[in-house]
Amino acid sequence: MPTTAPAFADATASDSALRRFLFGLPGVDAVGLEARAASLGTRSIKTTAKAYAIDLAISMIDLTTLEGADTPGKVRALAAKAVNPDPTDRTTPRTAAVCVYPDMASTAAAALAGSGVKVASVATAFPAGRAALDVKLADVRDAVAAGADEIDMVIDRGAFLSGRFLKVYEEILAVKAECGPARLKVIFETGELSTYDNIRRASWIGMLAGADFIKTSTGKVATNATPANTLLMLEAVRDFRAATGVQIGVKPAGGIRTTKDAVKFLVLVNETAGEDWLDPHWFRFGASSLLNDLLMQRQKLSTGRYSGPDYVTVD
Amino acid sequence: MSDQNRLGVFKTYKLYVGGKFPRSESGRVYEVTDSKGQWLANAPQSSRKDARDAVVAARKAFGGWSGATAYNRGQVLYRVAEMLEGRKEQFVREVAASEGLSKSKAAAAVDAAIDRWVWYAGWTDKIGQIAGGANPVAGPYLNLSTPEPTGVVAVLAPQKSSFLGLVSVIAPVIATGNTAVVVASADAPLPALSLGEVLATSDVPGGVVNILSGATAEIAAPLAAHQDVNAIDLTGADAALAKELEIAAADNLKRVLRPPVTRRRPSNEAQSATASSPVDADGASDSEDWSASPGTHRLTAFLETKTVWHPTGALGAAGSSY
Amino acid sequence: MASAFEYAPAPESRSVVDIAPSYGLFIDGEFTEAADGKVFKTVSPSSEEVLSEVAQAGAADVDRAVKAARKAFEKWSALPGSERAKYLFRIARIIQERSRELAVLETLDNGKPIKETRDADLPLVAAHFFYYAGWADKLDHAGYGANPRPLGVAGQVIPWNFPLLMLAWKIAPALATGNTVVLKPAETTPLSALFFADICRQAGLPKGVVNILTGYGDAGEALVTHPDVNKVAFTGSTAVGKAIARSVAGTDKKVTLELGGKGANIVFDDAPIDQAVEGIVTGIFFNQGQVCCAGSRLLVQESVQDEVLDALKRRLSTLRLGDPLDKNTDIGAINSAEQLARITSLVETGEAEGAERWSAPCELPSSGYWFAPTLFTNVTQAHTVARDEIFGPVLSVLSFRTPDEAVAKANNSQYGLSAGIWTEKGSRILAVADKLRAGVVWANTFNKFDPTSPFGGYKESGFGREGGRHGLEAYLDV
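Residue numbers (the working numbering), protein chains in the order written: chain G, 1 to 315; chain P, 1 to 322; chain D, 1 to 478.
With the rest of the complex left out, here is chain G:
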């Protein structure tokens, strides 16, 4: 069973110990954080750097469909796109993963077999997470059994916001135990946690509980990934590795639609966590429409002409 890094074993010894630990973390000044994120957003990424960034961004995408209307056909189409994003240019990298609901995991796994593209499945009564623990764990078990390489769980925001931090922590531990070889991404739903101090505390709960990735959001609420909340989570994984030696990934999800946005996030990664995180193993974009914009920008770089939507595939 994954356990808390030894350096912080005391932090999770009890509800009150965890609370003390979380409230002892440095506060976050919202204006300063947002100003830093905005300042990094003014980096000008051109030519070779841009080409590098676009390919890296494509390779970091968890190409996602999480709709009630999802069908095997839709999932197979998405999987095909993940493996071969630009049919006109075979040098285009594959995306990191395809992200689906648990009942679509087996379809995705079949479609992606041998491609190297991972199957990610949301679980734990995504997106609300309002179900009994047994149900959530069963959800995880199903997804893993269906071939999911990665599990995207949601934390219990109700427990978090009512101050039951140990409950949040223990639930992540339990889910992690069900994951087996699958990597666990822990979604905080930052838009519901509302404050940056909460996001920092949630990040530490997730990291202490053995998350492989911490992830901003489900994409199902008004505010999803932002440069500021992603910067804050990058600071958290940076600090956690400095303290424990354990590296944890970060996944902003929802709302990242353009190449310009994606490059800004990569600059955040580069100048906050550092180049060790500039790898699909450690950084992901939870997105769908982003991919086509990256592909159009990629075509523009190689041909010198601006591309158009008819020259990329609809999902």
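Keep in mind that the hints were calculated from the coordinates and are not lab data.
All C-beta atoms in this analysis are idealised placements derived from N, C-alpha and C, irrespective of residue type, glycine included.
Please note that the accuracy of each hint is not assured.
What follows is a list of derived Cβ distance ranges for each label pair [claimed, not checked]:
no., chain 1, residue 1, chain 2, residue 2, range
1, P, Pro140, D, Ser427, 43 to 49 Å
2, D, Asp137, G, Ala222, 40 to 46 Å
3, D, Glu48, G, Lys260, 33 to 39 Å
4, G, Thr244, D, Ala8, 31 to 37 Å
5, G, Gly158, D, Glu424, 24 to 30 Å
6, P, Pro140, G, Asp55, 34 to 40 Å
7, P, Asp289, D, Arg387, 24 to 30 Å
8, D, Asp404, G, Asp134, 55 to 61 Å
Once the Cα atoms are required to be at most 27 Å apart in a straight line, the calculated DSSO-like pairs of lysine-lysine come out as [unchecked claim]:
no., chain 1, residue 1, chain 2, residue 2
9, P, Lys126, D, Lys38
10, G, Lys46, G, Lys300
11, G, Lys260, D, Lys327
12, P, Lys60, P, Lys126
13, P, Lys243, D, Lys242
14, D, Lys71, D, Lys38
15, D, Lys435, D, Lys425
16, D, Lys67, D, Lys86
17, P, Lys105, P, Lys11
18, D, Lys435, D, Lys448
19, P, Lys60, P, Lys14
20, D, Lys38, D, Lys313
21, P, Lys60, D, Lys327
22, D, Lys138, D, Lys71
23, P, Lys60, D, Lys86
24, D, Lys86, D, Lys75
25, D, Lys327, G, Lys46
26, D, Lys242, P, Lys49
27, D, Lys67, D, Lys207
28, G, Lys74, G, Lys46
29, D, Lys207, D, Lys75
30, D, Lys38, D, Lys67
31, D, Lys86, D, Lys71
32, D, Lys425, G, Lys50
33, D, Lys313, D, Lys425
34, D, Lys327, D, Lys313
35, P, Lys243, P, Lys49
36, P, Lys49, P, Lys14
37, G, Lys300, D, Lys327
38, D, Lys138, P, Lys126
Once you've looked at the hints, dock chains P and D against the given chain G.
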């Protein structure tokens, strides 16, 4: 009075430094006469060491006085007016003798001086609102400017107006929380030295006002050059001395309030001042009309503006819908 | 630091600015040679390339400019405030229109990164004119009595660290209140003031209202001591400020001085550490630390000292030093060989006195004037680097144990311009801010400026305030 046979008791005038009444450390005194040359009393002739001691006392008092609430300082200044009201006769006598005024004119000057304490007592908790406030900066910050006392202020009191002028230069300095080292009128120091006695019994903490008598230039020179004095009011200096002192004051960039003879004044005030602009024998000017409404410039002359910024932050990471 | 993600060069185009091979003095609405025909060269500090040759004003030119300003004063001060306001609004708008050109020009002549001229200097310049434009017809409501009158001719001498911004801080309130101006920019950064002269012409500003004299300290001295100057405004070193204060003794010249500083940036153990680190970096490395209000002394609580220093060094290693015109450059060139020599000498003193030096690992370009971001640890109040203004990218780190000690150390300076406070505890911010003897206190932020916000120092950092309603007083006969 019927005690014509009784021999009067003379008063020994002393300096007022750090809430105590020392003689000059030099042991020197000089003769103070009335306007007709009749001997009135001996006054201590302060030395540079007295000036030094006064600065030490003023610095020591600064923290407490500047840290007192504005309301409290207002109460203390008002208390000075109350105490003066009870000792009016003494001051009328001293002012009449010092300035050669009729009793009624001297009484008018003393009344005006008492009223001036009342005027400044009321300013202590208002100047902050007049001279400071929030600034609408273009960003998510609260930005607040507050006037603060500059520190220890050396005050050269007017040479002519021994009491109304004196009060008019001391009260605004201390109203805002500065502490003062006051050089009294050289020829007419007695009302100033008596004022020290009133201050000592008016809840003014020791060291907030320190009063020195003697030759203005001798005391003012070390004050102007003193590195622990933050500002100097040159009202009682003639043009030549004022220039010399202003040069010395530049060594630590003291805030300098020039004497009226060189200070530009709004044109309407300048005219009225010129009309009754006496310049005494040794060239000292007293062109300020002390009976005029004092305005706020003597308050603001010894204030610093401190501006504090703080992020206003967001209500939440998700932004606010308000 | 080599990274997989190397940012390709992203230079801002130089072609937006057309620098003439030579410039004259701007007197009475015309560009003219110096009376004695002297000229001097201005170079780009990042490359040592000569940018242009400008006239070198002497005493005769100062006299000519003051006369022009005096002549213009009569009509200018008699104009209705609403008309003066419109001239200033025009100037503000033209600055906005030409801001990219001016940003590139400023970066070339000063050496600071385009990111700063583009995002900080130029927006603030335009905002300052816009702000004071609005005051011109509202002076009756400024709290200085009815119909406050201008002083006359303002002699203004500005430094090289924010050439155009300091010009704006000086000229905008002077004109709004009805004064006329003779301004001398610093000898190492004359160009943006000359471009501003052109903007005055474009705006149709009456001749003689603004006069620009390029030159050295002797011209500045001749200007501030000129008997027909009514107002002296100076931003620069404390030594020169004191000389000016002496020179105006016994006159009726009104003076404002904005001088040096040794700002304390105080970090408490409950600070928002990541933002504090950003604030420390902004505090001392903005404009290569050539900022009078720089947070050049870091006072960090001992209980978090190691954590903060580790974070700071890590952060400094990501700073990008190099071509100031590259949009990704964080640290540009030092303004002049002279300033570089001064920084180098003070840093050598710091090392000789036993402070421990650490410099960010960055490669310095082979030509131009450069200094790597540097910090000193093991510094005490007794060290020269804790007391003297270095005016460069050099941070002195001191520690403290209690809030009282922090305040005592922060105030233990001849200066009193700026200070920073980092703590999440509101009451501590208010208590410490109250006790600091500094004109600007940034709490949980640093180096923020705004035209509505008064700026200026305590103690030997000078006197008078620039900006806001307070900034009007310096130019009014009140």
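Cross-check of the supplied hints:
Pro140/P and Ser427/D have their C-beta atoms about 21 Å apart, which leaves the hinted 43 to 49 Å range violated. Under the hint 40 to 46 Å, the C-beta atoms of Asp137/D and Ala222/G, about 45 Å apart, fit the expected range. Range check, Glu48/D to Lys260/G: Cβ separation about 36 Å, and the 33 to 39 Å hint holds. Here the CB-CB span from Thr244/G to Ala8/D is close to 35 Å, well matched to the stated 31 to 37 Å.
Between Gly158/G and Glu424/D the CB atoms are about 26 Å apart, so this pair conforms to the stated range of 24 to 30 Å. With their beta carbons about 37 Å apart, Pro140/P and Asp55/G fall inside the hinted range of 34 to 40 Å. For Asp289/P and Arg387/D, the Cβ-Cβ distance of about 46 Å falls outside the hinted range of 24 to 30 Å, so the restraint is violated. Distance hint for Asp404/D and Asp134/G: a CB-CB separation of about 57 Å, consistent with the stated range 55 to 61 Å.
At roughly 55 Å between alpha-carbon atoms, Lys126/P and Lys38/D are farther apart than 27 Å, so this suggested pair is violated. This hinted pair checks out: Lys46/G and Lys300/G have alpha carbons roughly 13 Å apart, not beyond 27 Å. A hinted pair counts as satisfied when its Cα atoms are at most 27 Å apart, and Lys260/G with Lys327/D qualifies at roughly 16 Å. For the suggested pair Lys60/P and Lys126/P, the alpha carbons sit about 26 Å apart, so the restraint of at most 27 Å is met.
Under the criterion of a C-alpha separation no larger than 27 Å, the hint pairing Lys243/P with Lys242/D is consistent with the structure, at around 14 Å. At roughly 26 Å between alpha-carbon atoms, Lys71/D and Lys38/D fall within 27 Å of each other, so this suggested pair holds. At roughly 16 Å between alpha-carbon atoms, Lys435/D and Lys425/D fall within 27 Å of each other, so this suggested pair holds. Restraint check for Lys67/D and Lys86/D: satisfied, since their Cα atoms lie roughly 25 Å apart, inside the 27 Å limit.
Of the supplied pair hints, the one linking Lys105/P and Lys11/P holds, its CA atoms being roughly 24 Å apart against a limit of 27 Å. Taking the CA atoms of Lys435/D and Lys448/D, the gap is about 21 Å. The hint holds against a cut of 27 Å. With a CA separation close to 21 Å, the supplied pair Lys60/P and Lys14/P stays within the 27 Å bound. Distance restraint check for Lys38/D and Lys313/D: the Cα-Cα separation of roughly 47 Å exceeds the 27 Å cut-off, and the hinted pair is therefore not satisfied.
Annotation: proposed proximity of Lys60/P to Lys327/D is violated, straight-line Cα distance about 53 Å (limit 27 Å). With a C-alpha separation of about 25 Å, the suggested pairing of Lys138/D with Lys71/D holds against the 27 Å cut-off. Only pairs whose Cα atoms come within 27 Å are accepted, and Lys60/P paired with Lys86/D is rejected, the gap being roughly 52 Å. Proposed proximity of Lys86/D and Lys75/D is supported: the alpha carbons are some 15 Å apart, at most 27 Å.
For the hint pairing Lys327/D with Lys46/G, the CA-to-CA distance comes to about 11 Å; that is within 27 Å, so the pair holds. Distance restraint check for Lys242/D and Lys49/P: the Cα-Cα separation of roughly 26 Å lies within the 27 Å cut-off, and the hinted pair is therefore satisfied. Distance hint between Lys67/D and Lys207/D is fulfilled; the C-alpha atoms sit about 12 Å from each other, no more than 27 Å. Simply put, Lys74/G and Lys46/G have alpha-carbon atoms about 35 Å apart, too far for the 27 Å limit, and the pair is violated.
Distance restraint check for Lys207/D and Lys75/D: the Cα-Cα separation of roughly 11 Å lies within the 27 Å cut-off, and the hinted pair is therefore satisfied. Restraint check: the Cα-Cα separation between Lys38/D and Lys67/D comes to about 21 Å, which is no more than 27 Å; the hinted pair holds. Straight-line distance between C-alpha atoms of Lys86/D and Lys71/D comes to about 21 Å, which keeps the hinted pair within the 27 Å bound. Proposed proximity of Lys425/D and Lys50/G is contradicted: the alpha carbons are some 43 Å apart, above 27 Å.
Taking the CA atoms of Lys313/D and Lys425/D, the gap is about 26 Å. The hint holds against a cut of 27 Å. Proximity of Lys327/D to Lys313/D is assessed by CA-CA distance (about 23 Å); at most 27 Å being required, the pair is judged to hold. Between the alpha carbons of Lys243/P and Lys49/P the distance comes to roughly 23 Å, so the proposed pair stays at or under 27 Å and holds. A C-alpha spacing of about 15 Å is found between Lys49/P and Lys14/P, which places the hinted pair at or below 27 Å, so the restraint holds.
Of the supplied pair hints, the one linking Lys300/G and Lys327/D holds, its CA atoms being roughly 22 Å apart against a limit of 27 Å. A C-alpha spacing of about 23 Å is found between Lys138/D and Lys126/P, which places the hinted pair at or below 27 Å, so the restraint holds.
Hints 1, 7, 9, 20, 21, 23, 28, 32, counting from the list given before, are not met by this structure.
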